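Visitor: Residue numbers (my numbering), protein chains in the order written: chain A, 227 to 330; chain B, 227 to 330.
Please keep in mind that the hints were generated in silico from the structure rather than gathered at the bench. It should be emphasised that the depicted structure is a prediction, and the values quoted were computed from it without experimental measurement. Don't take every hint at face value.
[Unchecked claim] Okay, the calculated beta carbon distance ranges per label pair:
{"id": "1", "chain 1": "A", "residue 1": "GLU268", "chain 2": "B", "residue 2": "GLY277", "range": "46 to 56 angstroms"}
{"id": "2", "chain 1": "B", "residue 1": "ASP328", "chain 2": "A", "residue 2": "GLU299", "range": "18 to 28 angstroms"}
{"id": "3", "chain 1": "B", "residue 1": "ARG276", "chain 2": "A", "residue 2": "ARG320", "range": "37 to 47 angstroms"}
{"id": "4", "chain 1": "A", "residue 1": "ARG329", "chain 2": "B", "residue 2": "HIS271", "range": "45 to 55 angstroms"}
{"id": "5", "chain 1": "B", "residue 1": "PHE313", "chain 2": "A", "residue 2": "GLU291", "range": "16 to 26 angstroms"}
Virtual Cβ for every residue (Gly too), placed ideally from N, Cα, C.
So the chains spell out like this:
There are 2 protein chains.
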Amino acid sequence: MSDVPAEPSEVPAELTTLRASIDNLDRALICLLAERFRITQEVGHLKAGRGLPASDPERERRQIERLRALADEAGLDPEFAEKFLTFIVREVVRHHEQIARDRD
Amino acid sequence: MSDVPAEPSEVPAELTTLRASIDNLDRALICLLAERFRITQEVGHLKAGRGLPASDPERERRQIERLRALADEAGLDPEFAEKFLTFIVREVVRHHEQIARDRD
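Same shape as in the complex, but just chain A (with noise of 0.2 angstroms):
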C-alpha cells in the first residue's frame, strides 16, 4: 500500500510523499464505506421486514450530535463531518427505500 504512483516531474518530492499519505487514507476511507453499506443493506432489509421508516430523524439527530463532538476533539470541523454524514445517509435512506421498494 506504499507505492508511490508516477508524478509529472514538475511536482516537488513533499507533495508526491503527501499524496501517498492521502491515496493510503483514501483507501482506508472507501474499505471502511464499503463495509458500512453493507451493514446498511443489513439494517434495510430488517426495517423493509419489519415495517419499520426508511429514515429515523431522531437517530439521525443524535449521530450527528455525536459525530460533532468527535470531529471537534480529532480536529476536524465539526460542520464538514455534518455534511458527511449528511452526505451518507442521504444515499444510505435511498437504498433503504429501494429495498422497500423491491420487496412490494
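With chain A's structure known, arrange chain B on it following the hints.
Guide: For chain B alone, coordinates are given in the frame of chain A:
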C-alpha cells in the same frame, strides 16, 4: 468504543447491534477524515508557498480511477465512491484557496 447507546424501546435488538457497528465505523471514518485534512492542509501551504494551483484535475482524474476500481473490489458502488471523492476534494480545494488568499 463498544458502548451501545440507549435506543427507544420499540427498536429491535438486531437493529441496535447493527447500529453499534455503524457508530464504530463512523468514529473511524471521522478520525481518518481528520487525518486526511491535516495532510491536505500541509499540501495547501506547500502549494501556496510554491505558487502551485489549488486544484490539480489530472491528479483528481487518477484518484477517481483508482478509487472506483478499489470500491468495485470492496463491494462499494463505484459511482458512490466517485461522488464521495468529489465531495471531499471540493472541500480541500476550498481550503487551499483560503490558504492562498491568507498569504496574499
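Visitor: Work down the list of hints and note, for each, if the structure agrees.
Guide: Here's how the hints hold up against the structure:
1. The hinted window of 46 to 56 angstroms between A:GLU268 and B:GLY277 holds, with their beta carbons roughly 50 angstroms apart.
2. A hinted range of 18 to 28 angstroms for the beta carbons of B:ASP328 and A:GLU299 is consistent with their spacing of about 25 angstroms.
3. For B:ARG276 paired with A:ARG320, a C-beta distance near 42 angstroms keeps the hint of 37 to 47 angstroms intact.
4. Against the hinted window of 45 to 55 angstroms, the Cβ-Cβ separation of A:ARG329 and B:HIS271 comes to about 52 angstroms, which satisfies the hint.
5. For the pair B:PHE313 and A:GLU291, the supplied restraint of 16 to 26 angstroms holds, since their beta-carbon distance comes to about 21 angstroms.
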